[in-house]
Amino acid sequence: MKKIIVIGGSGMVGYAVCQEALALGFEPWVVGRVNRSSEKNFLRMDLIEPINFDALNGLHGIDICINLAAITNHGQCESRPDLAQRLHVEVPKQLAKWAGDKGVKFVHMSTEAVYGYGQSDGGHREDETCGPKGVYAKTKFEGEQAVQDVNSDSLLIRATPVGFSPDGEGKTLFEWLSSELISGSCITGYADVLFSPVSSFDLAQVLVNEEILKRSGILNVGSSCSLSKYEFARLVCSSLGVPISRVLKGYSSKTALEVDGTLNSEKLVKVSGLELVSVQKMVSELVKRQSKITIR
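So the sequence shown is numbered by numbering that gives the first Met the number 0: it starts at 0 and just counts up by one.
Don't take each hint at face value.
Claimed, not checked - Calculated cross-link-like contacts (lysine-lysine; reagent style DSSO-like; alpha-carbon spacing at most 30 Å):
no.	residue 1	residue 2
1	Lys280	Lys248
2	Lys96	Lys132
3	Lys92	Lys213
4	Lys213	Lys1
5	Lys2	Lys96
6	Lys266	Lys96
7	Lys170	Lys92
8	Lys269	Lys1
9	Lys280	Lys266
10	Lys39	Lys287
11	Lys132	Lys92
12	Lys269	Lys170
13	Lys96	Lys269
14	Lys213	Lys269
15	Lys96	Lys39
16	Lys280	Lys269
17	Lys2	Lys39
18	Lys39	Lys248
Stated by the list, open to error - Pairwise CB distance ranges, derived in the manner of DEER restraints:
no.	residue 1	residue 2	range
19	Cys185	Pro49	39 to 49 Å
20	Asp126	Ala190	41 to 51 Å
21	Thr187	Asn40	37 to 47 Å
The set of hints was computed from the structure by calculation and includes no laboratory data.
Heads up, the beta-carbon is just placed ideally off N, CA and C, and yes, glycines get one too.
Using the sequences provided together with the hints, build the complete structure.
Laid out in structure tokens, this is it:
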């Protein structure tokens with residue numbers, strides 16, 4: 000039985016990774032401050048403090064270390080760049096070095112934000128020059144470089160995950176949309192913000208895929224097509240069975256330039272043989288999985 004430790008694994012993606020790992024017969028351990036999903040195997044650790052490597056070493060027989068720890072609130076990153084530097088650069092660098100020394104496969108979760116949201120031709124590709132903007136994106140990109148500097152066998156994943164928190168009380172994009180729409184509220188979706196979302200559960204399948212874990216370097220993980228936040232919100236509406244008229248079209252900027260966070264995932268398909276999931280199917284599956292959603 001393979002043992003996986005999921006750093007910062009008590010959130011949306013970590014919950015999905017643990018579920019997928021259990022389904023495959025793996026033994027997942029969550030490492031973090033709070034055990035939000037009531038995982039049986041949980042190691043409490045505040046990553047703002049020095050990493051307790053003695054505690055990690057006590058989990059004998061670790062095969063894979065997946066690092067999901069991050070500050071996803073961009074505003075918090077701007078107000079506390081020291082914390083962003085700690086969690087996005089120092090922690091992954093130290094974990095990657097530890098994993099390499101121990102012969103443990105290290106997987107680091109990055110973000111589409113490192114590309115900088117400039118215009119792309121068919122989605123941003125792994126080998127293009129990045130232009131991160133803002134503290135969040137810049138520290139995530141710096142973290143990628145730090146990981147690769149100390150552990151060349153590391154696998155770095157760039158993605159835009161969507162889903163829901165394990166306790167159903169999070170503030171993810173999907174949870175916010177669902178809550179607002181089923182309560183009867185109207186929301187505004189930006190028609191000029193483009194992305195290639197992947198559900199936390201589909202992403203989890205990639206993160207524990209044995210063929211993919213043999214790889215190193217950078218890998219984009221996205222959906223089969225890209226769309227705007229406006230179009231995404233309308234798909235959520237349809238899956239929830241609420242009137243599409245509750246989604247209003249808006250724009251994030253007064254300029255004609257689009258905010259392009261789309262990803263080209265051809266490399267993923269080539270190295271794994273996996274099929275990319277359509278956004279419509281992904282949203283439908285998320286609605287089915289989120290048991291706390293009740294149509295009013």
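Hints, one by one, checked against the model:
no. : hint                        : result
1   : Lys280 - Lys248             : 23 Å, holds
2   : Lys96 - Lys132              : 27 Å, holds
3   : Lys92 - Lys213              : 20 Å, holds
4   : Lys213 - Lys1               : 14 Å, holds
5   : Lys2 - Lys96                : 19 Å, holds
6   : Lys266 - Lys96              : 26 Å, holds
7   : Lys170 - Lys92              : 28 Å, holds
8   : Lys269 - Lys1               : 25 Å, holds
9   : Lys280 - Lys266             : 22 Å, holds
10  : Lys39 - Lys287              : 25 Å, holds
11  : Lys132 - Lys92              : 21 Å, holds
12  : Lys269 - Lys170             : 34 Å, violated
13  : Lys96 - Lys269              : 29 Å, holds
14  : Lys213 - Lys269             : 14 Å, holds
15  : Lys96 - Lys39               : 27 Å, holds
16  : Lys280 - Lys269             : 22 Å, holds
17  : Lys2 - Lys39                : 14 Å, holds
18  : Lys39 - Lys248              : 44 Å, violated
19  : Cys185 - Pro49: 39 to 49 Å  : 48 Å, holds
20  : Asp126 - Ala190: 41 to 51 Å : 29 Å, violated
21  : Thr187 - Asn40: 37 to 47 Å  : 42 Å, holds
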